[in-house]
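Please build the complete structure, drawing on both the sequences and the hints.
The lines below spell out each chain.
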Amino acid sequence: MKKKITVLLLAVVQLFLLSGCWNYVEIDEQINVSGMAFDVGREGKRLHLSVEIVTVGKGEKSQFESHVMEAEGDTVFEAVRQLMDVSSKKLYFGHCKLMVIGESLARSGIRELLDLPLRNHELRTTMNIVVARGCSGRDILLTKGLTTTIVSYRICDLLKTCEKFDGCAGRDKDYQIYDMLETQGLEITVPALERTQIDGEDVARLCGEGAFSGDRLVGWLTEKQAAQLSMLRGEYKTGLMTFESADSPFYHTSFEIYKAKTDTKLSRAPDGTVTAEVRVKLRVKIGEVQSKTDFLDRAQTEKTAYALEKNVEHDLNHIADLAQHSYRSDIIGIGKRLKETDPAAWKALGPDWKTNFSKVRFRIRAEVVIISSGVSSVAD
Amino acid sequence: MDSNNIKKPIRPDETGAMDYGGAVLTSSLEANVALIKRIFKNDGTVVERRVENRLRPKARCCIFFIDGMASNQIVDEYIVKPIIETAALGLSDDPAEELSRDVLAANDIRREACVAELVKGLIAGDTLVFAEGSGMGLIVSSKGFPTRAVSEPDSEKALRGPREGFTEAILVNLSLVRRKLHTPDLKMKFRSFGTRSDTRACIVYLESLTDPALLAELERRLDLIDIDGVLDSNYIAELIKDDKHSPFKTIGTTERPDVVAGRLLEGRIALLVDGTPMVLTLPYLFIENFQADDDYYLNFYFASMGRMLRILGFLLSVSIPAVYVAFTTFHREMIPTNLALSVMQAHQGIPFPTFLECFIMLIIFEIIRETGIRMPSNIGQALSIVGALVIGQAAVQAKLISAPMVIVVAITAITGLINPKVKGATILVRFLSLFAAAILGLFGFAFVMAALVIHLFSLESFGTVYMSQVSAVRPQEMKDNAVRAPWYFMKTRPVFERRDPVRKN
Chain V
0 MKKKITVLLL AVVQLFLLSG CWNYVEIDEQ INVSGMAFDV GREGKRLHLS
50 VEIVTVGKGE KSQFESHVME AEGDTVFEAV RQLMDVSSKK LYFGHCKLMV
100 IGESLARSGI RELLDLPLRN HELRTTMNIV VARGCSGRDI LLTKGLTTTI
150 VSYRICDLLK TCEKFDGCAG RDKDYQIYDM LETQGLEITV PALERTQIDG
200 EDVARLCGEG AFSGDRLVGW LTEKQAAQLS MLRGEYKTGL MTFESADSPF
250 YHTSFEIYKA KTDTKLSRAP DGTVTAEVRV KLRVKIGEVQ SKTDFLDRAQ
300 TEKTAYALEK NVEHDLNHIA DLAQHSYRSD IIGIGKRLKE TDPAAWKALG
350 PDWKTNFSKV RFRIRAEVVI ISSGVSSVAD
Chain F
0 MDSNNIKKPI RPDETGAMDY GGAVLTSSLE ANVALIKRIF KNDGTVVERR
50 VENRLRPKAR CCIFFIDGMA SNQIVDEYIV KPIIETAALG LSDDPAEELS
100 RDVLAANDIR REACVAELVK GLIAGDTLVF AEGSGMGLIV SSKGFPTRAV
150 SEPDSEKALR GPREGFTEAI LVNLSLVRRK LHTPDLKMKF RSFGTRSDTR
200 ACIVYLESLT DPALLAELER RLDLIDIDGV LDSNYIAELI KDDKHSPFKT
250 IGTTERPDVV AGRLLEGRIA LLVDGTPMVL TLPYLFIENF QADDDYYLNF
300 YFASMGRMLR ILGFLLSVSI PAVYVAFTTF HREMIPTNLA LSVMQAHQGI
350 PFPTFLECFI MLIIFEIIRE TGIRMPSNIG QALSIVGALV IGQAAVQAKL
400 ISAPMVIVVA ITAITGLINP KVKGATILVR FLSLFAAAIL GLFGFAFVMA
450 ALVIHLFSLE SFGTVYMSQV SAVRPQEMKD NAVRAPWYFM KTRPVFERRD
500 PVRKN
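Listed in order, the protein sequences are those of chains V and F. When we follow numbering that gives the first Met the number 0, the leftmost residue of the first sequence carries the number 0, and every step to the right adds one. When we follow numbering that gives the first Met the number 0, the leftmost residue of the second sequence carries the number 0, and every step to the right adds one.
Hint data in this document are derived by calculation from the structure and do not stem from the laboratory. Please note that a few of the clues may not be correct.
Cut-off 35 Å, straight-line C-alpha distance, at most; resulting in silico cross-link-like pairs (DSBU-like, lysine-lysine) [said to hold, decoys possible]:
hint, chain 1, residue 1, chain 2, residue 2
1, F, K398, V, K88
2, F, K422, V, K1
3, V, K88, V, K3
4, F, K422, V, K3
5, V, K89, F, K398
6, F, K240, V, K1
7, F, K398, V, K2
8, F, K6, V, K2
9, V, K2, V, K57
10, F, K240, V, K2
11, V, K57, F, K57
12, F, K243, V, K143
13, V, K280, V, K236
14, F, K57, F, K7
Because the structure is a prediction, the values reported are computed rather than measured.
Here you go:
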């Protein structure tokens with residue numbers, strides 16, 4: 000019996016010694032960080048870090064309060080450690096859901112910012128990443144939350160909602176962006192936020208995406224362009240598109256896209272130029288009509304569908320042109336597809352893909368099927 | 000007095016059993032009367048009544064009975080009156096024979112020469128009759144002591160089904176069982192426990208269904224019992240239990256005759272003990288902790304839902320405090336953000352660590368529960384006011400306890416009460432897992448749960464694996480676990496019944 004107890008005690012004591020990280024912390028003995036923002040450092044350091052922290056106010060019916068703390072550092076980790084000089088309790092990043100990158104920092108490269116969440120156990124790799132357009136990341140954190148006091152969580156909700164209705168790809172998590180960054184022949188786009196005024200208060204607003212070349216920001220896409228880019232990439236889910244009506248330019252028609260399918264076929268001419276044949280098949284429902292189109296009339300329906308095809312083709316061509324000539328960045332991912340389908344070609348063209356991409360010939364065709372006129376069956 | 004051959008003083012020996020010092024009856028009435036009076040000296044309830052026959056005054060008798068144990072009516076009308084008025088006494092030279100054959104109008108009369116048996120009969124409420132010239136005494140059945148009426152047991156209420164429960168009188172209890180099973184196959188073996196209390200007990204079983212090995216094992220363990228008094232069946236249960244250190248019961252108890260009958264039909268054995276309504280049944284399986292008697296009387300969908308809720312209740316009751324403490328102090332990233340924030344908000348300004356807060360609240364609840372059992376029922380209102388108001392509301396408002404903790408403890412408490420049969424084990428495991436979670440987080444909790452499962456699977460109840468039904472995979476073995484299968488599906492008896500497995504075709 001004595002021996003038994005001794006053995007048991009030894010085993011239990013081992014548990015304490017071997018179980019590694021012993022991270023007992025009371026939940027109120029730490030400060031929750033809800034989001035962070037990076038800008039170019041001011042005092043000779045590389046980075047300027049701002050974090051939004053959630054605290055509970057004093058008093059009987061205490062509410063959440065959001066504050067912004069700031070620090071400088073050459074690395075993200077150093078900046079986080081610098082924050083401890085100010086905060087009374089340990090900062091906790093387990094519920095940090097947002098990383099905002101200021102425009103000027105984004106233009107000089109973002110790779111270094113994505114690294115820490117992949118190494119540190121506390122920072123989540125599922126953190127949302129956005130770039131600030133026309134302002135610093137800190138400015139975004141300092142906007143108002145409108146429906147909630149915590150700005151970062153509001154922005155995360157915003158991204159989630161827009162992903163559902165705008166047809167954007169929604170690949171904006173830390174690990175996804177890092178993956179894309181490491182993928183050859185595919186450049187990243189990151190959701191962009193700007194400041195706007197509502198009731199005299201600064202509020203963050205989603206304004207499309209930032210297009211990157213490598214890890215540097217090179218230009219912007221509007222929300223509509225971002226949706227069309229994801230259509231070109233073949234990642235479009237559902238969303239809305241509005242164009243001028245087919246029969247009168249004065250009126251507009253909105254189409255709800257139920258299903259989008261993109262087929263890209265690459266072919267290489269003997270002289271080395273790559274041709275991308277993109278076929279976009281859309282199944283749409285008429286969302287709203289301002290003109291007097293009669294959708295019971297097959298001719299008019301087909302006319303509308305044809306007009307929509309032409310519009311989509313025109314817009315997609317514009318995106319391709321933007322990527323090829325303005326940004327000179329393969330945000331569409333043609334290079335990646337080329338590498339997958341024709342490795343030999345990629346071997347030849349890959350090293351100078353930036354130049355070769357701008358020579359790619361796009362042949363974009365859209366096929367639209369109107370599956371419903373959207374009119375409710377009950378009319379009175 | 001020497002005529003009774005007493006060699007030693009009459010008193011209990013070192014085991015507690017009475018030692019009559021070799022006393023024997025003689026043919027002298029006076030000597031026998033003196034012997035009984037000597038055995039029961041300083042006992043005011045023993046009544047001595049001398050009776051003479053009206054026709055033959057020489058045929059003298061003396062009767063003894065205990066006031067309150069014997070029925071006055073029986074003693075008056077069927078013992079005293081016939082002796083006085085009979086004409087059939089004093090004709091032969093064996094008055095004891097005459098009395099039992101021709102005079103006494105009682106349904107059960109035994110002629111006995113052994114002093115110990117006579118004393119036993121007298122204590123049990125029978126009347127002793129001694130006649131002049133006879134070396135034997137008569138034990139005349141005249142038991143007539145008050146017993147509690149058969150009523151529904153408070154601790155095992157059923158929504159549907161029989162409303163009767165056992166009482167403290169073993170014969171009444173046996174009749175309740177017998178009324179459910181009208182077969183001579185139902186065997187009732189009496190034996191007694193306790194050298195001083197000499198408590199009667201009865202092993203009840205259906206001979207054709209019960210495994211003889213099981214019965215032999217039970218009797219072997221009962222033979223080993225050495226105790227001077229048995230006041231409740233738990234005395235015996237603890238003495239014959241398989242793993243005496245386990246908090247889990249491996250012997251069932253019930254107050255309901257229908258439950259006993261049901262278990263007898265499954266090939267189990269029941270042990271009734273005089274003086275208590277709690278009847279032991281064995282073997283006992285873990286799943287029986289979650290089986291209620293009216294599971295079998297209600298619609299099987301409804302019964303199965305209740306059964307699953309009870310199992311869920313056990314799991315929740317054991318794990319909720321531990322998981323809450325582990326999540327809020329070790330794995331804060333595993334709580335959804337909004338929940339984490341509101342827990343943080345609620346915990347702001349609470350002076351205790353989460354674990355201590357939880358521990359205090361659980362102990363307070365156990366105190367309230369224990370108080371509820373112990374205190375006189377007419378001051379129950381005071382308890383509910385203190386419990387609900389002071390501990391629930393005021394403690395939260397005074398920022399001593401956080402509001403989520405009150406909810407955690409409340410759910411733990413309610414789910415703990417859903418299974419009264421495993422109450423003790425639930426409380427123990429709950430505290431163990433709470434300690435482990437406070438030290439090692441979810442890892443510690445998992446460690447305790449693993450230990451619990453290992454322990455449960457190592458238990459046996461009289462040769463049957465305690466968890467045998469739980470780990471079953473064949474439909475016929477799973478029929479009475481989480482789901483109570485409809486009666487038309489339950490074709491075989493539980494696994495431990497090997498003699499006659501098929502219940503019906």
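Violations among the numbered hints, reported as their numbers in ascending order: 3, 7, 8, 9, 11, 12
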